[in-house]
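Asks: One letter stands for each residue in the lines below.
There are 2 protein chains.
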Amino acid sequence: MLEQLPTFDLAIIHCGEVLTLSGASECPKRRAELADVGLIRDGVIGISGEKIAWVGSETSYRQLGRAKREIDAGGKVVMPGLVDSHTHAVFAGSREGEWEEKMRGASYLEILKKGGGILRTVDATREASPEDLLNLAKETLKKMLSYGTTTVEIKSGYGLDLKNELKILNVIQRLKDETPLDVVATFLGAHAIPKEYLNNSDSYIDLVIGMLPEAKDHAQFCDVFCEEGAFSASQTRRVLEQAVKLGFQVKLHAGEFSDQGAVRLAAEFAAVSVDHLDVIHECEIPLLIESGAVGVLLPGVSHFLRMKEPPPVRALIEVGVPVALASDFNPGSCPSFSMQEMIHLAVRNFNLSASEAISAATINAAHGLGMASSVGSLEVGKQADLLLLDIDHYEQLPYYFGMNHVDKVIKNGKIVYS
Amino acid sequence: MLEQLPTFDLAIIHCGEVLTLSGASECPKRRAELADVGLIRDGVIGISGEKIAWVGSETSYRQLGRAKREIDAGGKVVMPGLVDSHTHAVFAGSREGEWEEKMRGASYLEILKKGGGILRTVDATREASPEDLLNLAKETLKKMLSYGTTTVEIKSGYGLDLKNELKILNVIQRLKDETPLDVVATFLGAHAIPKEYLNNSDSYIDLVIGMLPEAKDHAQFCDVFCEEGAFSASQTRRVLEQAVKLGFQVKLHAGEFSDQGAVRLAAEFAAVSVDHLDVIHECEIPLLIESGAVGVLLPGVSHFLRMKEPPPVRALIEVGVPVALASDFNPGSCPSFSMQEMIHLAVRNFNLSASEAISAATINAAHGLGMASSVGSLEVGKQADLLLLDIDHYEQLPYYFGMNHVDKVIKNGKIVYS
Numbered sequence: 001m002l003e004q005l006p007t008f009d010l011a012i013i014h015c016g017e018v019l020t021l022s023g024a025s026e027c028p029k030r031r032a033e034l035a036d037v038g039l040i041r042d043g044v045i046g047i048s049g050e051k052i053a054w055v056g057s058e059t060s061y062r063q064l065g066r067a068k069r070e071i072d073a074g075g076k077v078v079m080p081g082l083v084d085s086h087t088h089a090v091f092a093g094s095r096e097g098e099w100e101e102k103m104r105g106a107s108y109l110e111i112l113k114k115g116g117g118i119l120r121t122v123d124a125t126r127e128a129s130p131e132d133l134l135n136l137a138k139e140t141l142k143k144m145l146s147y148g149t150t151t152v153e154i155k156s157g158y159g160l161d162l163k164n165e166l167k168i169l170n171v172i173q174r175l176k177d178e179t180p181l182d183v184v185a186t187f188l189g190a191h192a193i194p195k196e197y198l199n200n201s202d203s204y205i206d207l208v209i210g211m212l213p214e215a216k217d218h219a220q221f222c223d224v225f226c227e228e229g230a231f232s233a234s235q236t237r238r239v240l241e242q243a244v245k246l247g248f249q250v251k252l253h254a255g256e257f258s259d260q261g262a263v264r265l266a267a268e269f270a271a272v273s274v275d276h277l278d279v280i281h282e283c284e285i286p287l288l289i290e291s292g293a294v295g296v297l298l299p300g301v302s303h304f305l306r307m308k309e310p311p312p313v314r315a316l317i318e319v320g321v322p323v324a325l326a327s328d329f330n331p332g333s334c335p336s337f338s339m340q341e342m343i344h345l346a347v348r349n350f351n352l353s354a355s356e357a358i359s360a361a362t363i364n365a366a367h368g369l370g371m372a373s374s375v376g377s378l379e380v381g382k383q384a385d386l387l388l389l390d391i392d393h394y395e396q397l398p399y400y401f402g403m404n405h406v407d408k409v410i411k412n413g414k415i416v417y418s
Numbered sequence: 001m002l003e004q005l006p007t008f009d010l011a012i013i014h015c016g017e018v019l020t021l022s023g024a025s026e027c028p029k030r031r032a033e034l035a036d037v038g039l040i041r042d043g044v045i046g047i048s049g050e051k052i053a054w055v056g057s058e059t060s061y062r063q064l065g066r067a068k069r070e071i072d073a074g075g076k077v078v079m080p081g082l083v084d085s086h087t088h089a090v091f092a093g094s095r096e097g098e099w100e101e102k103m104r105g106a107s108y109l110e111i112l113k114k115g116g117g118i119l120r121t122v123d124a125t126r127e128a129s130p131e132d133l134l135n136l137a138k139e140t141l142k143k144m145l146s147y148g149t150t151t152v153e154i155k156s157g158y159g160l161d162l163k164n165e166l167k168i169l170n171v172i173q174r175l176k177d178e179t180p181l182d183v184v185a186t187f188l189g190a191h192a193i194p195k196e197y198l199n200n201s202d203s204y205i206d207l208v209i210g211m212l213p214e215a216k217d218h219a220q221f222c223d224v225f226c227e228e229g230a231f232s233a234s235q236t237r238r239v240l241e242q243a244v245k246l247g248f249q250v251k252l253h254a255g256e257f258s259d260q261g262a263v264r265l266a267a268e269f270a271a272v273s274v275d276h277l278d279v280i281h282e283c284e285i286p287l288l289i290e291s292g293a294v295g296v297l298l299p300g301v302s303h304f305l306r307m308k309e310p311p312p313v314r315a316l317i318e319v320g321v322p323v324a325l326a327s328d329f330n331p332g333s334c335p336s337f338s339m340q341e342m343i344h345l346a347v348r349n350f351n352l353s354a355s356e357a358i359s360a361a362t363i364n365a366a367h368g369l370g371m372a373s374s375v376g377s378l379e380v381g382k383q384a385d386l387l388l389l390d391i392d393h394y395e396q397l398p399y400y401f402g403m404n405h406v407d408k409v410i411k412n413g414k415i416v417y418s
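Residue numbers (our numbering), protein chains in the order written: chain A, 1 to 418; chain B, 1 to 418.
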């Protein structure tokens, strides 16, 4: 005899394709598993309270289930909310003129001499009041949600002094409380050398180390921009040694423009993620596996900055590094927060398949935040964070590019965008 | 003494930047003029009925003007509706799997052998009922409008026999009547060699010539895909000779993958536009100027198909060829109809400035359709087709990429999207 299911608060019915991304909550998808989106055709998702209570076929639901309320997905695609595990979403000002100059051939140095570059954003962010910063960021997160991002990591790093770094971390804290998104905070005091310390970066590192105890109250992760013109491997190590002592988990910017050996530090400090990886040395790839870190690829940056060579994506996947995709949303190197566009660019530029890119933007990205037990897939007991898309097949997500395919966003069991 | 303005039906007030694109309704923007978006800061647009009645400063409006209704643009950017002068928007089916294979290295021929490519879309479009085709296309045009396209050209060319070409042209006719957009029809019977004529393309050209008289009742333009694997220059000439006799104006697909000498034909037949131009010979550029045709660039295609070299855009501009941008929306080579994305890609890949790209997507595109006296700029007497964008400066349009910045669309003086 068939057993009735409990009455769900909400059921998403008539899902032509449900991408469950199931089976990888314990360990991120690697190699072949990356290509498995856990597809259920003609599926239904049952939601009770804020959690997913059931995922199964329309036929079973018709026989066994009922819900207080049903939403018809119209035979289209339903998938987990997108997880953007690397952004710099709290800042003031924009730098569109600078980009146009870059596209016409201006060098980074020429732009810096004109007062452009990252320090322009630092100036604008320092000048902005906490309320103004919060309002700007709320507007950003509201739009992110409309593009399907339900979990977002945000780094500090446009303050570059204690007062302003804490101002940003406080804004991130308020975004957690005042928006529907899951917001994860990362302290990135070591984002750039502020103008006060231009010829004295070691002293700035001292300052960053001094910021760590207060930053710890607001941020789960500590990150360092280990890069030529930013911070060396030994400076990075100094920050991380102290950060780990204080209980931070580690993320790292590694190999965006040059290889400073950050991957070795990732292994040393058991980094949760290592991000960028555009120009890492092949010999470092085994270290990445050893570190256990998720490799976060940022296809929007290499697109926006017209980087000639893609990162060694296939090599990373082949050896078993779990890869994630993120936007890196920021005014200098990627002014887009559309994770759908990142999925498109990952297929276009990094040779990922649609299913690999979707795995990378959901469950693997959740691992990159240590949140895979609660988000990133549609499995019983996880948060009911899901997207109803206006496409017939999931392969159309990267294919129909430059457009937003989100019809509805459900976050913790509630419709937050329609 | 100041004279009062007439009372407008509608005024768009508090426009931080109005891009008028004025001064080029008679002749398209060329060279330096391309960089002039006709910027008015703190402007107001007065609309009476379906037309623009006044464009001026907020200060003047406050002194002299009033309106039955005002819309507050919130200090943001207001610009003419986007003109997409090259699409294949009436078709059935999609080809996402094929694109993924291409990205993984499959050749055009391998895909064709598996039954893929353009003839797959022809099969699906032939099978579709007129009602189904109409409903698909209406959905497409509704979304186009939400991305800011207020005027769109649509080509036939997935029927490839009289009955099915007329079916498509009839759908385009109904789109004119049943959507808010201005829709321009182009007969492209010579789009591909249908499977019935694979080894006998000359006979298919005979058939196309036979279709012309009936097609003329539904289409203003005649276009030919002059390309290796499609139609030769001499076949193209045969079609155009007859088309021009019947009163068609001419558009041409030229130099997408190979140079078949179509530009010479453009001069010969006084083409209104010559489209693609990715691989034309330098010696043909003077012919382009001679033809007077608008050069329509399709940056979505070269992006989507990963074409290695951009078209000689700067050379075209330098010698005075007026350039336009279009999406080429179609399931094989550009499944995006976001003209905003095309503007981004034109800056990213073709080295246009933001203002050049915006001129190319508005007033010059209108010239590419022979419609510059009614659309493409915000000038008194023209159709009140305009966009309220959620950006602070027009240079942000290409900069914040992969996203839709349209807040409201006004078409013929009425809000059609908000």
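Any given hint might turn out to be false.
A pair holds if it fits inside one copy or across any two, identical chains being indistinguishable in the list.
To be verified - Each computed EDC-like pair below joins lysine to aspartate or glutamate, with the alpha-carbon atoms no more than 20 Å apart:
| id | residue 1 | residue 2 |
| --- | --- | --- |
| 1 | K142 | D407 |
| 2 | K138 | E284 |
| 3 | K143 | D392 |
| 4 | K102 | E309 |
| 5 | K142 | E318 |
| 6 | K308 | E101 |
| 7 | K408 | E50 |
| 8 | K68 | E50 |
| 9 | K408 | E139 |
| 10 | K138 | D392 |
| 11 | K408 | D9 |
| 12 | K143 | D407 |
| 13 | K143 | D390 |
| 14 | K195 | E228 |
| 15 | K195 | D392 |
| 16 | K308 | E282 |
| 17 | K163 | E26 |
Think of the hints as simulated: they come from the structure by calculation, not from any bench.
Asks: State for each hint whether it applies.
Replies: Right, here's what the structure says about each hint:
no.: 1; hint: K142 to D407; in the structure: both (15 Å within a copy, 14 Å between copies)
no.: 2; hint: K138 to E284; in the structure: neither (39 Å within a copy, 52 Å between copies)
no.: 3; hint: K143 to D392; in the structure: between (24 Å within a copy, 16 Å between copies)
no.: 4; hint: K102 to E309; in the structure: both (18 Å within a copy, 19 Å between copies)
no.: 5; hint: K142 to E318; in the structure: neither (37 Å within a copy, 43 Å between copies)
no.: 6; hint: K308 to E101; in the structure: within (18 Å within a copy, 22 Å between copies)
no.: 7; hint: K408 to E50; in the structure: within (16 Å within a copy, 34 Å between copies)
no.: 8; hint: K68 to E50; in the structure: within (14 Å within a copy, 47 Å between copies)
no.: 9; hint: K408 to E139; in the structure: both (18 Å within a copy, 17 Å between copies)
no.: 10; hint: K138 to D392; in the structure: between (31 Å within a copy, 17 Å between copies)
no.: 11; hint: K408 to D9; in the structure: within (17 Å within a copy, 35 Å between copies)
no.: 12; hint: K143 to D407; in the structure: both (13 Å within a copy, 12 Å between copies)
no.: 13; hint: K143 to D390; in the structure: both (17 Å within a copy, 11 Å between copies)
no.: 14; hint: K195 to E228; in the structure: within (16 Å within a copy, 58 Å between copies)
no.: 15; hint: K195 to D392; in the structure: neither (51 Å within a copy, 28 Å between copies)
no.: 16; hint: K308 to E282; in the structure: within (18 Å within a copy, 26 Å between copies)
no.: 17; hint: K163 to E26; in the structure: neither (38 Å within a copy, 58 Å between copies)
Against the hints set out earlier in the document, violations occur for numbers 2, 5, 15, 17.
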